[in-house]
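Peer 1: When we follow my numbering, the leftmost residue of the sequence shown carries the number 29, and every step to the right adds one.
Derived from the structure by calculation, the hints contain no laboratory data. Please read these numbers as outputs of a predicted model, since none were measured by experiment. C-beta atoms are modelled at their ideal positions from N, C-alpha and C, and glycine is treated no differently. Please note that the accuracy of each hint is not assured.
To be verified - Computed spacing ranges between beta-carbons, pair by pair:
id : residue 1 : residue 2 : range
1  : 71        : 114       : 15 to 23 Å
2  : 65        : 102       : 31 to 39 Å
3  : 104       : 64        : 31 to 39 Å
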Amino acid sequence: MSADVTPLDPGPSGSVFFERRELDLILRVYGRMVAQAEWRDYAMVGGRESAEFAVFRRSGDAPAYRIEKRPSLQARQGQWSVIGEGGVVMKRGRELAQVLRVFDSRKFQVVE
29 MSADVTPLDP GPSGSVFFER RELDLILRVY GRMVAQAEWR DYAMVGGRES
79 AEFAVFRRSG DAPAYRIEKR PSLQARQGQW SVIGEGGVVM KRGRELAQVL
129 RVFDSRKFQV VE
């Protein structure tokens, strides 16, 4: 038996999802916005390239905002982004706390 046998390549690391501390930061913002009656529902999705936390003003609507984690962009623009309605990137960066500040600087009002 040879000592220089290399292990099999594990391949892709699997799905991207949020770590506990990341989810804690996101849920703090979500809770604050629910308390202000701005948001009412959320959904989370993990995939091969990204994880997404989508928030809704009303159940059944299109997402009002999406908080996206895309690790492949960490070295470039940063892995975190907040995407508004219509796919507009509102903020992008390497640190989640910094990106989530976009919700601190805006006064949100539901327009019907």
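Peer 1: Going through the earlier hints one by one, which of them does the structure break, listed in rising order?
Peer 2: none
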